[in-house]
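**Q** Start from the sequences, fold in the hints, and give me the full structure.
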Amino acid sequence: MTSTAIQLAAKIGLGWNIGNTMEAVGGETAWGNPAITEDYIKFVKQSGFNAIRLPCSWNQYSDAKTAKIQDSWLARVKQVVQYCVNNDMYVMVNIHWDGGWLENHCTPDKKDSVNAKQKAFWEQIATALRDFDEHVLFASANEPNAYDATNMSVLLSYHQTFVDAVRSTGGRNHYRVLVVQGSSDLMNTFPVDPMAGRMMYEEHNYTPSQFCFLSEDASWGKMFYYWGAGHHSTIEPDRNATWGEESVQLDYFQRMKAKFVDKGIPFIMGEYGAYRRTTPKDLATHNDAVDYWITYVTHQAIMHGLKPFWWDTGGALDRRADTVIDARTINAIHAGAN
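Count the sequence shown with our numbering and you get residues 6 to 343, in order.
No lab work stands behind these hints, which were simulated from the structure alone. Hints are supplied without guarantee of correctness; some may be wrong.
Stated by the list, open to error - For lysine-lysine, the following BS3-like pairs were computed, each having C-alpha atoms within a straight-line distance of at most 25 Å: (1) LYS70 <-> LYS16; (2) LYS83 <-> LYS47; (3) LYS50 <-> LYS16; (4) LYS16 <-> LYS83; (5) LYS124 <-> LYS83.
**A** In structure tokens:
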């Protein structure tokens with residue numbers, strides 16, 4: 006447990022999300038993915054990744070009155086974490102959406118009740134995972150809705166409760182690296198931590214959303230199929246990206262580097278991704294554009310000191326057969342890292 010956050014970040018290469026699984030409402034396999042196996046973890050590592058982000062739900066496995074988490078669920082999460090550690094993989098465990106009890110309630114009226122649950126959950130999670138070494142990181146929340154100073158102040162209290170709860174469990178948790186999220190424009194203060202230099206910051210990157218994940222046209226904008234210099238379509242010009250291209254990405258990475266990385270706060274780009282569609286009329290250009298986005302964003306993240314974690318829900322690597330489904334995506338990630 007000797008590594009500071011900066012030293013630990015230096016050991017993290019490419020990260021991989023096991024999405025729509027441990028955080029699924031209704032159970033680990035409820036959203037169509039199989040239960041995580043150690044063979045799958047080995048396959049992720051074989052595919053060139055050395056860190057796992059493990060989105061987890063807890064609320065559905067807890068007693069509504071006492072906030073006690075089921076022992077069987079704590080044991081299952083611990084088992085999956087062990088798979089990662091067995092294979093020299095770093096693994097970040099979080100509270101992920103979980104029905105939105107924290108993320109959707111960064112408000113003064115919910116502050117006390119959310120802090121009580123945050124404290125109870127993290128005391129239990131941290132105790133269950135206390136004996137793992139520095140390969141295991143804890144992350145306080147996922148995409149919290151805190152977009153003004155009032156909400157940000159409440160969110161900071163949730164992060165402080167997280168830090169205090171984890172540190173109170175002692176042992177290796179006294180030194181464990183912790184990860185917090187926020188809105189980068191408002192994230193000017195971090196929780197107080199008795200262990201200096203053991204905190205990282207996390208944000209996600211799906212810019213522009215119309216290209217990255219929008220699955221149908223919305224009232225506020227149409228899907229983009231084509232992104233980036235040399236990757237616009239003349240066949241379907243109304244689907245070319247009109248915002249969020251290279252200059253926007255580059256500006257973002259420069260700002261994040263200056264605000265966090267250059268000040269000694271490692272930055273986890275905990276989710277990012279752009280996904281292929283089958284409907285574009287200029288399908289070859291679309292697939293080339295997706296490759297380009299992946300490579301460009303991965304490369305710029307790494308060059309600016311951010312640690313990229315690809316968001317996968319089973320579309321790129323087959324979790325049942327442990328085979329590659331989308332080789333272009335995997336190759337594009339690695340092209341950006343080289």
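**Q** For each hint, tell me whether it holds in the structure or not.
**A** Against the structure, the hints come out as follows:
1. LYS70 <-> LYS16: Distance of about 41 Å is beyond 25 Å: violated.
2. LYS83 <-> LYS47: Judged against 25 Å, a Cα distance of about 17 Å means the pair holds.
3. LYS50 <-> LYS16: 14 Å, holds
4. LYS16 <-> LYS83: With a Cα-Cα distance of about 22 Å, the restraint between LYS16 and LYS83 holds, given a limit of 25 Å.
5. LYS124 <-> LYS83: 19 Å, holds
When the structure is compared with the earlier hints, a violation turns up for hint 1 alone.
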